[in-house]
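Student: Given next are the chains, with one letter for each unit.
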Amino acid sequence: MKKKLLALLLLVSLLGAVLTGCGDGSTEKAPEDGQEPNGSTSVSTPANEVTVGIAQGLDESLDPHKAVAAGTKEVMFNVFEGLMKPTSTGDLIPAVAEKYEVSDDRMTYTFTLREGVKFHNGDTVAAEDVVYSIERCADTSEGAPLVEAFSVIQKVEATDDRTVAITISEPSNEFISYMTTAILPADYDQQDTAPVGTGPFKFVSRAAQDNIVLEKFGEYWGTPAYLDKVTYKIIENADSLMMSLQSGAIDICSHLTSTQVAQLGDDFNVEEGTMNLVQAMYLNNAEKPFDDVRVRQALSYAIDKQGVIDLAFDGYGSPIGSSMYPAFGKYFVEELSNYYTHDVEKAKSLLAEAGYPDGFEMTITVPSNYQPHIDTAQVLVEQLKEVGVTAKIELVEWGTWLSDVYAGRQFQSTVVGVDASNMTARALLERFTSTAGNNFINYKNADYDALFAQAQSSYDDAEQTALYKQMEENLTANAANVYIQDLADLVAVRKGLEGINFYPIYVLDLSTVRYVQ
Amino acid sequence: MKYAAKRIAMLLVTMVIVSFLAFAAFSMISGNAAEIMLGTQATPERLAALEKELGLDRPLLVRYGAWLAGFFTGDLGISISYKQPVGELIAPKVLVTLCLSVLSFLLIAVLAIPLGVWSARRSGGRLDGVRTAFNQLCMAVPPFFTGILLTWLFSTTLKWFTHGRFPELGTDFLGALKYMLFAAVSLAIPRIAMTVRMLRSTVLEEMQKDYVRTAISRGNDRAGVLYRHVLKNALVPVVTFLAQTMAEIVAGGIVVEQVFAIPGLGRLLVASISNRDYPVVQAIVVILAFWVVLAGTVADLINQRIDPRLRLGGGS
Amino acid sequence: MRRMNGYLKAGLLLTGFLAALIILGYFWTPYDPTAMAVGPKTDAPSLAHWMGTDNFGRDIFSRVLKGAGMTFAIALSTVAIGAVCGTAVGALTGYFGGVVDDALMRFNDALTAFPSILLALVIISVLGPGSKYNVVLALGIVFIPSFARVTRTAFAALREVNYVKSARLMGAGNGRILAVHILPNTMQVLLPAITIGFNNAVLAEASMSYLGIGVTPPDASLGYMLSEAQSMFTLAPWYAVGTGLVIILLVFGVGLIGEGLQRRGNEVA
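So the sequences go chain by chain: A, B and C. Each residue of the first sequence is one higher than the one before, counting from 3 in this note's numbering. Each residue of the second sequence is one higher than the one before, counting from 74 in this note's numbering. Each residue of the third sequence is one higher than the one before, counting from 92 in this note's numbering.
These are computed hints drawn from the structure, not numbers from a lab. Incorrect hints may have been included.
[Unchecked claim] Below, computed lysine-lysine pairings styled on DSSO-like, alpha-carbon distance capped at 30 Å:
hint, chain 1, residue 1, chain 2, residue 2
1, B, K156, A, K218
2, C, K223, A, K394
3, A, K497, B, K232
Only chain A is shown next, with the shape it has when bound in the complex (with noise of 0.2 Å):
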């Protein structure tokens, strides 16, 4: 008996310890009227570290050649470097290649490599290395290459210890542009779990659905990034996210809502910029009744892009109407987004002329784990309610979207964000060609496919610019898409932290980010 009564005292006195503790770390840590809460100054500052919230999971390989998902790509950004690296205005500049020259005929690309650019792992960067990292992406052995555009190398090859020609079967504008692929280290083979680049940060370590730390690369070729460690915080639920933003676990936090940005208080800055992603009702153009060009305008006349910007997205958000986002200025066509002005008597109209007088039912299928696109797909239920067309929301998960929408095209319409894979208009518009194997609305259209071929063969840039705008015209006179916005990328940054770059493909720069002196 005494004996349980002493284990039941014990348990008592732990239980005590616990919540005592509890109590003085709450009189030590309770801010002063006044000063600043702690976390944001006192621990922050003099460690010159920053975490950074992200809502992505990033369950998946490291690799750079392997990652998928634009989070773990994001992240990545800060680790790898290719032999040309994009800068914040959509140009491309030699990162790991000093200079290149292109051959007369227009096939064979020389590089020449920086001169002691070294791995994190303490080793220089080799032509060995480039020519592997390279080889890696165009392989065929297993299907298409890594990276799809590859397919057209035909030979890399190291011609001296910093030398390296990489020859092409045709002369392509956009090959160079593909060339941010990554470098990595010819005999390391842990890329999944502990990659190894060139970037300005050096990965640390990962804990699954936790985080991911990286310490600034203090060999970097270039300019040195400003902080010495960015730790990346996983946090899914969007909830969550907020409170540790209030809490101050947080510092900087990118692609957040106009709702959850209205909620952050006065400790922090916002920064907009553009998500670079042509979101849109994606419609199947192979399946009923959307293999009607009437339907498919009729739709666009239906909704009202700055109404679903200012309903679902307070305001933020730049409506585009073609695929095409603003950021990407040399190619972007602004009367575009104004073809189809909100006009319900005219949607009407050419439903019945199409033989849908009293509407249809539609489902349009959207990846549950991304917000805005549900919200979107929410506010477009209602716009089509009006013209009498009963639109039925499908929420799936991102895997069964990827198999049954994107690959199985096995849907009759969608709401996502398409981005493009690089700094090309390319990326972009070469999916809608009726033979590409990622057109995934089975879009075919002679005109388009003469458009691209013509494109693609012309070497003046000034003309094929003029022909890809010829293209986006296309898609946006079939209304081969209903097109509404490039989303806002609403970045919250802690105040006392500046250097937030935008660039034109989904990356966050934290090299460039600082405390302000």
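Assemble chains B and C onto chain A, guided by the hints.
Tutor: Coordinates of chains B and C only, in the frame set by chain A:
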């Protein structure tokens, strides 16, 4: 001792069934793991190669055997999404989840038993109805709702803990416990209410029994009888109930971990389920189930210490 | 008619009131629960909008009525599946006993080793997430073992009761004995179990929706709405608090009924 051996044998049998159920269920899932892994880059050749690599082409029982053997050698397979050994992936998280469930369990045991006895002694009093109603109200609150309110109050407003900055268990154990305490409280509240209700009714039932009435009529102190005899007997079903509570704590923990951003097994489990990362899900499910079954076994053994008569019941 | 106690009365009153509102919600809501408006976004509760509006300007009270209806329907169907299948299993094993009993009960034990939400998660991932029917099915399956356990004990006990024995002597078939003689007498344990099951279903659905694998839009259950409300907690706390309170009241009311039923049972016994 014999009883203990028998109980442990039962534990093993249950574990085999549990692990097979977990294994078979995930093998039935329609979405193909290889397809998910390849995503937009899937081609028939790559699919076939990957399926072979993952061993998905072997029969179910063979795979189960290999997997079970792996549990004893510490080889839980490779995570499909992370390409990392499952053991390595979940090891730091197992401890966090177990700590949370133990903390929450202690809260329940330490608070509910005195409260239950107190409530039984006050039974029939003026406020009995109000207490019972309050108890019912506590049971009605979803733990994650309490969690949201607690976070808002103690983190956002009072700054008692920093939501999202979970201290490392190994380096700052007390700090981690303090952080987890808030999650443990939100998990414990409805369970405390249930245990109190349970204890109250068993104590009252026991008080009606002849031996108690006799003892009291012989002039024994009412409170003395309560603590010396009644409580001992009334505790047996409560211990069993508390062991079952462990299952619910673990389940609730999966949800509450997300509210508090605690890096335990829950978040990895939910993510792995939607990624169809079987090796991770199977391992986590079996570990959690083992933990629950273990709690049940320990409860039985404790009960048998409290009331040795159960030894006969258990042996028959 | 047996005596109504205070708990039963209070519980029936509260649940009845909520049920009346829910039924009303099926036919009429103050506003269209899905209609969006640019004007009144995240407004605080007022006379026009009793529980305020959400980030789309939708009337929360109307949405709560619809959402509660969905929750109610899900919980009821879940309990129906659990109770019917569980009672069937419990009746068979409890009444006949033997090897089948042992095997099923061991299987039952193994199932209860899976924490309920964990088991529901596993089933959902087999069935595929994103459908309310799958949620009902998953939770229904999860609740079978507990109903089976409760009824098994009752059936096993009643098997040896005198009137059952005499019915058997009079030549009544097993089916008739089970349905006519035993089943009605198990109501005393079954009814409280149903109220507990109902509450567990409401809470489990809420948890699953919080994890993002429960009911999905455009359907909205209280659980889904609560998870939606959390992301705007500082902006519109009334959304989360209002929805949470309705869940609590619903569970509270049914819990009181259960308490009342159990006490009445004890008094009679």
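Student: Hints first: check each against the structure and report whether it holds.
Tutor: Now the hints, each set against the structure:
1. Note on K156(B) and K218(A): the hinted pairing holds, with a Cα-Cα distance of about 25 Å set against a maximum of 30 Å.
2. Taking the CA atoms of K223(C) and K394(A), the gap is about 14 Å. The hint holds against a cut of 30 Å.
3. Distance check on the hinted pair: K497(A) and K232(B) sit about 19 Å apart at the alpha-carbon level, within 30 Å; holds.
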